Structure formats: structure tokens, C-alpha cells
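Working from the sequences, and respecting the hints, build out all of it.
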Amino acid sequence: MAKVVAVTGNEAVANALRQVNPDVSSAYPITPATDIMQRFTSFVSNGKVKTEMILVESEHSAMSGCIGASAAGGRVMTATSSQGLALMWEELFIASGTRLPIVMALVNRALSAPLNIHGDHSDGMGARDCGWIQLWSENAQEAYDNTIQAFRIAEHMDVRLPVMVCMDGFIISHSIERMEYLEDEAIKNFVGEFQQTNPLLDLEHPVSYGPLILPDYYMEYRKAHAEVMAQAPKVVLDIAKDFEKISGRKYGLFESYRLDDAEIGIVILNSAAGTTKDAIDLFREKGIKAGLLKPRLYRPFPYEEVGDALKHLKAVCVLDRADAFGGSYGPLFIDIASSLYPYKDKPVLINKIYGLGGRDYLPGHAELVLNELAEILRTGKVKTFKEYIGVRE
Amino acid sequence: MKLKKWKELTPGAVCTKAGSALEFKTGSWRAFRPRWIEENCIQCLFCWAYCPDMAVKVKDGKMEGFYYDYCKGCGICALECPGKKGKKAIVMEEEGK
Chain A
3 MAKVVAVTGN
13 EAVANALRQV
23 NPDVSSAYPI
33 TPATDIMQRF
43 TSFVSNGKVK
53 TEMILVESEH
63 SAMSGCIGAS
73 AAGGRVMTAT
83 SSQGLALMWE
93 ELFIASGTRL
103 PIVMALVNRA
113 LSAPLNIHGD
123 HSDGMGARDC
133 GWIQLWSENA
143 QEAYDNTIQA
153 FRIAEHMDVR
163 LPVMVCMDGF
173 IISHSIERME
183 YLEDEAIKNF
193 VGEFQQTNPL
203 LDLEHPVSYG
213 PLILPDYYME
223 YRKAHAEVMA
233 QAPKVVLDIA
243 KDFEKISGRK
253 YGLFESYRLD
263 DAEIGIVILN
273 SAAGTTKDAI
283 DLFREKGIKA
293 GLLKPRLYRP
303 FPYEEVGDAL
313 KHLKAVCVLD
323 RADAFGGSYG
333 PLFIDIASSL
343 YPYKDKPVLI
353 NKIYGLGGRD
363 YLPGHAELVL
373 NELAEILRTG
383 KVKTFKEYIG
393 VRE
Chain B
4 MKLKKWKELT
14 PGAVCTKAGS
24 ALEFKTGSWR
34 AFRPRWIEEN
44 CIQCLFCWAY
54 CPDMAVKVKD
64 GKMEGFYYDY
74 CKGCGICALE
84 CPGKKGKKAI
94 VMEEEGK
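Chain order of the listed sequences is A and B. Its first residue numbered 3, the first sequence is counted upward by one per residue in the working numbering. Its first residue numbered 4, the second sequence is counted upward by one per residue in the working numbering.
If you are wondering where the hints come from, they were derived from the structure by calculation, not from laboratory data. A hint or two may mislead.
Stated by the list, open to error - With a straight-line cut-off of 25 Å between C-alpha atoms, the simulated SDA-like cross-links for lysine to any residue are:
| # | chain 1 | residue 1 | chain 2 | residue 2 |
| --- | --- | --- | --- | --- |
| 1 | B | K75 | A | Y219 |
| 2 | B | K10 | A | Y219 |
| 3 | B | K75 | A | Y211 |
| 4 | B | K8 | A | R361 |
| 5 | B | K10 | A | P213 |
| 6 | B | K20 | A | L216 |
| 7 | B | K10 | A | P201 |
| 8 | B | K20 | A | K236 |
| 9 | A | K236 | B | K75 |
| 10 | B | K20 | A | G212 |
| 11 | B | K8 | A | D218 |
| 12 | B | K8 | A | D280 |
Unchecked claim - Which chain B residues face chain A? A few, computed with CB under 10 Å, are given here:
| # | residue |
| --- | --- |
| 13 | T19 |
| 14 | F27 |
| 15 | G30 |
| 16 | S31 |
| 17 | W39 |
Please read all numbers here as calculations on a predicted model, not as lab measurements. Yeah, the Cβ is synthetic: ideal placement off N, Cα and C, and Gly gets one too.
Below, the structure is given as C-alpha cells:
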């Protein structure tokens, strides 16, 4: 039986981690992720979990600790945000290149400078190509569900890669919402036992981790990594089906909202998708065929499936909560454009940068964008391909 | 040696074979080469103890030269060598001369 609760996103993720009961966690506090580990360490202190908790002196050490513990043979998790993720940078590649199934909650927050603690996606976007799997979550329920599924995805024998579960800082991490917890026993059975492939602590079969790989082999390892990433979407879908059996909630590679017969559409990640869906309902009531696509599995990006879901639209706006400086468009826009590139007939694409550093994204912003898309449909003319919205000019 | 294809590799580059470093010959990096002068050697085995690799050849408890396949020419053995009556038993010589 599910239990209905009113909790913050951080509390939801901390509880998912309690239910998974990992062997080891190594973490360092950083706003807004601090609250996850603060709650989790109280579970450790109160004997609610059997996790070995390692308190370290930096995020670089936090991820290093996770790497060591995972190689040793443990099921491992951590949490971070923004500058913390930035400080983990080199370790992120070591975790993925060593194929260690670490699970990390990333509470999305803007990067310095200027210093800002609020929600935007520049941290997660900066780490999108580091060889980790990324799942993005709209609300506390999705963050909880994704965290539980992340362990199964990471540890699946066809994958064995680290997984980052993203949710918006403060907007989700610190806001109380209605959601449902599953039973402890159901989660325990769902994640099962973890068995590392070549654990360092198996003294009967000694192994070495982290060898020097020169030009004669490095490229083969990278090719293997790319191929393993390519297996992830299938695994993500299989595990979503299993999860549906215990939760009744359906998950795909992305969420389509009123998209099938849509002519105009918005592509947007995480919490802002909720606001956008309301605006879409409003436009539907006015007889305008609007829809939404919200990516869930962002790395590896399911280019074919996303392209197929969007190709019939006439005009699409991709909203990015991060800019790719010098890259001309936001990171999500670049991926959406790539997914539509193979098609001869495809929608007109425009890009808006919104909500940086926790700037509010209001229903009015979504309506503004949908009006502009409707105008493009009417006139066939594009005013501008990329612009910042909600900014003082 | 036939190189493996990407599908044949151990995930995450984990080495599952003990002692496989023997197959990785690193001596070619060397710019200076240690030369052993047997008459100055007191068999203290400092060179063997200090060698950061395992490039000092010891048989039946006695130093008897170097494994040049693994010696990178760092010179620590020559530095630590006490020698006999002020004469070093290990000297470093430039490679290729």
C-alpha cells in the first residue's frame, strides 16, 4: 500500500535512499542538496539504514570515496549541487569510465559567478557529456521514483554506469507537495541485492582498478562506453515497466503531453513543465493545438524517439534553463535540433532562455511563447530564433 | 601480441590478471642507465629496497644487475648506493653514448 504524504523533494529523495539502504555513502554538504544528506545521516545515526557514512572534506573527495567504495563492491550513493558537481568534475569521468554504478541526486542550482544558490540547469548541463546517465524529474514524486529506478538502471548488467537524478533546486527540493511513498519492503525487493562484477575486496580474485591505457587501447574503451550508453534507453524502459507494477505510475524516455495532434509545442525540462502544461490546457480550450515534450532520460539522449515524437509539429520552442555560451543556442535546443535534423519536413525551431538563477517561470511566460508559436504558424515568419525571456532589457 | 577488439575488453579497464604489469615494458622511457660495478658492491640491497619499480635483479639474496625492461633510469639506486671505500657500485650513464 502506498502512503500519501506532503513532503519536500529533498525529503522524498532522502526517503528513497533510506528505502534502498545503500552500503556506503560519501558526501559533502552544499545548498540546496544539503538537506538530502542531512536527513540521510540522521537515518544512519538512528539505525534506520545500515549504510557506512563517510563525511569528507570536499565534493572531490565525496566522489572519490564513492568511486573507491563502488569498486570495492558496495552499492553507493551521494548527492550534490552546482559548485559541488563542478568540483567533482574529474571524478565524474573516472566513475563512468570505470563503469561504477553510483547513484547521485543532483539538485540543480546555478553556477557561480555571480554566486547564486537557486535553481537552474547549468550544473547538470555542464556534466551532460561526462558518461553518466541523467534522469530529470518534474516534481518530488518523479525525483523519488527516478531515484529508486536509478539503482536498477545503474546496476543492470547491460549498463553498469553511474546515474544522476536531477530535480530543480528550491522549486522542488524545498517545496512541499503531495506525493506517495511505496512500502519499504516493495523497494527492497525492487532493487534487490547488488553484486559488483570485479570487486576489489574479493581477496580470492585480486584485481587492479585504474590502469594507464595508452593510444593502443584507449579508443576501444571509449567505443565500449558509447555502446553501453546506447543500451541504456532499452534498460530504462524495461525497468520503468517493472516499476509500474509496484507503483502504478508509467515512465518513458520522455513525457508527451497533448502532443499527438499538436501543431505547436514546447520542449522543457523539470519543474517548469508543470507550469507549461497548465498554459497548454488554456490554449487547447481556445482551440489552439498545443502540446509539450518533457525529456526524462536526458543522457543518453533518445534522439530517434524524440525526433519521431516532434517531427509532425509545425513550430516548436525549446526552453532552456541554462545557456551554452558561445554555442549560439541552449543545450536542450541543440539536442532537439539534432533529433529533428534527419527529417525533411520538420517544425520551425526557436529557443528561449528562461529562469536562470531561480528567476520565476510564470504561466505568462509559457503563454507568451505559445502566442509567438501560434503567430509563426499564422505568418510563417520567425521574429527571432533565440532570446532571453523574463529579463530586463 | 594481437590487440583485443572493444567487445573483448574487461568493463571499466579493470585488470583481472595478477602480475600483468610484467607485460608492460617501461624501460624504453629511460634517458639514463644504471651500471653495476660488482667490485664496489657490498650487497647491502639498498638499491633493491629503494627501487620504485622492481628493476633490481636479486638472486639467492644477492644483487646481480638490472632488469632493463622495467628500469626507467630514475637514479635513486645510484644515489642511495653506499659503495665501498667511497667508490659507488652503481653509476648512471647517459643512454645512447
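- Looking back at the hints listed earlier, which ones does the structure fail to meet? Failing hints, ascending: 4, 8, 9, 12, 15, 16 and 17.
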